[in-house]
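**Q** Taken in order, these protein sequences are the chains called C and R. The opening position of the first sequence corresponds to residue 52 in our numbering, with each subsequent residue numbered one higher. The opening position of the second sequence corresponds to residue 52 in our numbering, with each subsequent residue numbered one higher.
Note that these hints are calculated values from the structure, not bench results. This list has only true hints and no planted wrong ones.
A pair holds if it fits inside one copy or across any two, identical chains being indistinguishable in the list.
Straight-line distance between alpha carbons at most 30 Å, and here's what the computed DSS-like set of lysine-lysine pairs gives:
1. 97 <-> 167
2. 97 <-> 270
3. 414 <-> 205
4. 153 <-> 414
5. 167 <-> 153
6. 97 <-> 109
7. 109 <-> 167
8. 167 <-> 270
9. 97 <-> 205
10. 205 <-> 153
11. 205 <-> 270
Single-letter residue listing:
2 protein chains.
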Amino acid sequence: MTAAVLSIGTELTRGELVNSNAAWLSAALSDLGFDVVENVTVADDKERIATTFNRLTKSVRVVVCTGGLGPTTDDVTASAIAAALGVALVRDQASFEYIRRKLALSGREMSESNAKQADVPASAEVLPNAVGTAPGFVVEANGASAFFLPGVPKEMDRLYRDCVMPRIRSLSATDAFQVRFKLFGLPESQVGDRLADVEASHSGVTIGYRVHFPEVEVKVLARADTHLVARERVERAAIDVRSRLSPWIFGEGDDTFPAHVGRLLRGRGFTLAVAESCTGGLLGHLLTRESGASDFFVADAVTYANSAKAKFLGLAEDVLRWHGAVSGEVAAAMAEGVKRTAQADLGVGITGIAGPGGATESKPIGLVYISVAGPTGTIVREHTFTGDRNQVQMRAAYTALQMVRMVCLDPASSARDITARLPI
Amino acid sequence: MTAAVLSIGTELTRGELVNSNAAWLSAALSDLGFDVVENVTVADDKERIATTFNRLTKSVRVVVCTGGLGPTTDDVTASAIAAALGVALVRDQASFEYIRRKLALSGREMSESNAKQADVPASAEVLPNAVGTAPGFVVEANGASAFFLPGVPKEMDRLYRDCVMPRIRSLSATDAFQVRFKLFGLPESQVGDRLADVEASHSGVTIGYRVHFPEVEVKVLARADTHLVARERVERAAIDVRSRLSPWIFGEGDDTFPAHVGRLLRGRGFTLAVAESCTGGLLGHLLTRESGASDFFVADAVTYANSAKAKFLGLAEDVLRWHGAVSGEVAAAMAEGVKRTAQADLGVGITGIAGPGGATESKPIGLVYISVAGPTGTIVREHTFTGDRNQVQMRAAYTALQMVRMVCLDPASSARDITARLPI
Numbered sequence: 052m053t054a055a056v057l058s059i060g061t062e063l064t065r066g067e068l069v070n071s072n073a074a075w076l077s078a079a080l081s082d083l084g085f086d087v088v089e090n091v092t093v094a095d096d097k098e099r100i101a102t103t104f105n106r107l108t109k110s111v112r113v114v115v116c117t118g119g120l121g122p123t124t125d126d127v128t129a130s131a132i133a134a135a136l137g138v139a140l141v142r143d144q145a146s147f148e149y150i151r152r153k154l155a156l157s158g159r160e161m162s163e164s165n166a167k168q169a170d171v172p173a174s175a176e177v178l179p180n181a182v183g184t185a186p187g188f189v190v191e192a193n194g195a196s197a198f199f200l201p202g203v204p205k206e207m208d209r210l211y212r213d214c215v216m217p218r219i220r221s222l223s224a225t226d227a228f229q230v231r232f233k234l235f236g237l238p239e240s241q242v243g244d245r246l247a248d249v250e251a252s253h254s255g256v257t258i259g260y261r262v263h264f265p266e267v268e269v270k271v272l273a274r275a276d277t278h279l280v281a282r283e284r285v286e287r288a289a290i291d292v293r294s295r296l297s298p299w300i301f302g303e304g305d306d307t308f309p310a311h312v313g314r315l316l317r318g319r320g321f322t323l324a325v326a327e328s329c330t331g332g333l334l335g336h337l338l339t340r341e342s343g344a345s346d347f348f349v350a351d352a353v354t355y356a357n358s359a360k361a362k363f364l365g366l367a368e369d370v371l372r373w374h375g376a377v378s379g380e381v382a383a384a385m386a387e388g389v390k391r392t393a394q395a396d397l398g399v400g401i402t403g404i405a406g407p408g409g410a411t412e413s414k415p416i417g418l419v420y421i422s423v424a425g426p427t428g429t430i431v432r433e434h435t436f437t438g439d440r441n442q443v444q445m446r447a448a449y450t451a452l453q454m455v456r457m458v459c460l461d462p463a464s465s466a467r468d469i470t471a472r473l474p475i
Numbered sequence: 052m053t054a055a056v057l058s059i060g061t062e063l064t065r066g067e068l069v070n071s072n073a074a075w076l077s078a079a080l081s082d083l084g085f086d087v088v089e090n091v092t093v094a095d096d097k098e099r100i101a102t103t104f105n106r107l108t109k110s111v112r113v114v115v116c117t118g119g120l121g122p123t124t125d126d127v128t129a130s131a132i133a134a135a136l137g138v139a140l141v142r143d144q145a146s147f148e149y150i151r152r153k154l155a156l157s158g159r160e161m162s163e164s165n166a167k168q169a170d171v172p173a174s175a176e177v178l179p180n181a182v183g184t185a186p187g188f189v190v191e192a193n194g195a196s197a198f199f200l201p202g203v204p205k206e207m208d209r210l211y212r213d214c215v216m217p218r219i220r221s222l223s224a225t226d227a228f229q230v231r232f233k234l235f236g237l238p239e240s241q242v243g244d245r246l247a248d249v250e251a252s253h254s255g256v257t258i259g260y261r262v263h264f265p266e267v268e269v270k271v272l273a274r275a276d277t278h279l280v281a282r283e284r285v286e287r288a289a290i291d292v293r294s295r296l297s298p299w300i301f302g303e304g305d306d307t308f309p310a311h312v313g314r315l316l317r318g319r320g321f322t323l324a325v326a327e328s329c330t331g332g333l334l335g336h337l338l339t340r341e342s343g344a345s346d347f348f349v350a351d352a353v354t355y356a357n358s359a360k361a362k363f364l365g366l367a368e369d370v371l372r373w374h375g376a377v378s379g380e381v382a383a384a385m386a387e388g389v390k391r392t393a394q395a396d397l398g399v400g401i402t403g404i405a406g407p408g409g410a411t412e413s414k415p416i417g418l419v420y421i422s423v424a425g426p427t428g429t430i431v432r433e434h435t436f437t438g439d440r441n442q443v444q445m446r447a448a449y450t451a452l453q454m455v456r457m458v459c460l461d462p463a464s465s466a467r468d469i470t471a472r473l474p475i
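Next comes chain C alone, as it looks inside the complex (with noise of 0.2 Å):
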């Protein structure tokens, strides 16, 4: 079964806000099963909007609309449709004494703008919207079922799966399941290669990729008449992902790569003291996104300054000068000061170069150490991380955090070793 999608608003024709509400719907509605054939975004302008409405609903069997329902002068979604149906524009009671009610709670009052989001084609059903102002609202034209939501993300999301999903659910002449799994540590290049040939040994499957760096997500999606049978398709499928991919996969569906490490800290009862250089904080960041982290974190000595490194830590000037503020000896010492300052049960230490500026002969841009100190000793590893200043940071933080993962996965492996070097 097909889709479009058919989003409006001249900040987007424009190119001022980048459409993130087409790839949700599009995303949303293959999940379903359908075939989504077409994105269209246009700008707010009547005619163009009646034009692209009749060709959409003339090739594909549900079209999903965003933006264009707001207060003011230049949002005419409706009164587009209204013209393109030959119909009147009628103001729908209902939802204009809600507008009226919800303006009222907050002690305003209501406006002309305000009344006119509760304007819809006189054969439109309108879908009423539990979270903003204006109403969306479905059509059928030629064939085809249009349904017009607002462009605020919140709003949309939420009267998408209250009252656009049940509706098209059952057109769909196939179901969806699928499974997203978490990686981290194997490029995504080298990801679709080990996972070349999953599809063609399953019928019925798609795999997709997506990267939120530097995490990747692989998608393993399958259709079929019913859900048990797409359901049996994507575990099969998902054996084989599990089986090449498993020394990198940490989650599955919205996890991160930092919560998961938090998650594994917790579940051991290990406290973590973080010496942040080259990263400047970045680390402490990433683990204190996620709420609870108190459970675990105890402090992160962020010494961007070789004299911060001497003060908050207890580094002795000669280590630095005999090594360098880049070098393994030094994130050794950061992580067992750090752990010993802030008496917490694994400490780590990053220094290294960012860039773009700092480099030297003997040690490029991209050079980190990296070291944790953990309860039966101390590891270090050397990398040299590609990519801009925030990339190489990034990749850093994230080293940091798969080697607090071993730690935790195998608290006898922190023992001193300074040797292996693990390119990222």
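Position chain R relative to chain C; hints supplied.
**A** Showing chain R alone in chain C's frame:
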């Protein structure tokens, strides 16, 4: 003059990827003075690409297409366009040689799928790709010029600037000029209210808004027959914009607020040390994302646990016990403690409740105390920020930057003052 953007890729119609290329191209075309009437995205499907190509070339003067020029079997753009034009697909020898040499440099053999990237419609003019392997091309059809660029953003970007822009600049009957102001501290809706009448009083000028939370961008754009007239219009309108928003404007173009504050610190010759609790390293991260932070940034003590506040900042247990960790007194002691320990000119202290857990009856989610210890004293501010955990953290970090900015602009302003309650 009208233009359209055509994006090709099943990963887009499935919603696996947000189409930021379309926004980038739409903005670039708008900036040249084109009226972008439509953005269309279709799957890697020969027939649908050809149909859409025919429809768009019949309705606009310039079509810019991206995607589907890669080496894999699902990249079918060139053959779809050859079919639409009724011409053969031919191998461009110069591109073939270029790809072969490029692969040889990295020690790789040329495969048939690599060679396929040199195939273009017989009537096309090749646009050499200096960044990647696949060349772009341009064809004339139905009175329109249609440019085909790779979907990889940095390749698209480069080819657009090198080959598309010089060819279409003269087509646009109008020229355009723009200024982008960057603001912090005023919500987008209030920015809009303050500028409500600017468009009306400056003909040919458009005001656009874009939120990069918590920063807001205001774009002042004018189109005119000549660059000079467009520029004059923008400059006149920009005077009005500046006069209404000057307290909140910190920069122009791609400037960011953390970079701006960094420049102020560098200009004053001030060094900065930070002590964070509920923001967990975010402020340090924002300041060190920009290169050259080592000129002013000394250290960041992320003292998440109370024990760490005592250890790293020398906070008396009494202060914590008496006032509670979330208090103006503790924020001030953190700012003064980190300034003293790190021997910096300025110290910042942030403590609060980012949520969703941790609130008490007297201390709600979003309550944050921020302190700056400066050359002549210590300022403390109490805020109750709205939003989810990540928004509270971001608002707190930006508000701390705002306070540092004020002290840089007027160092004498740092006198102890616990009374002000500033909403944001």
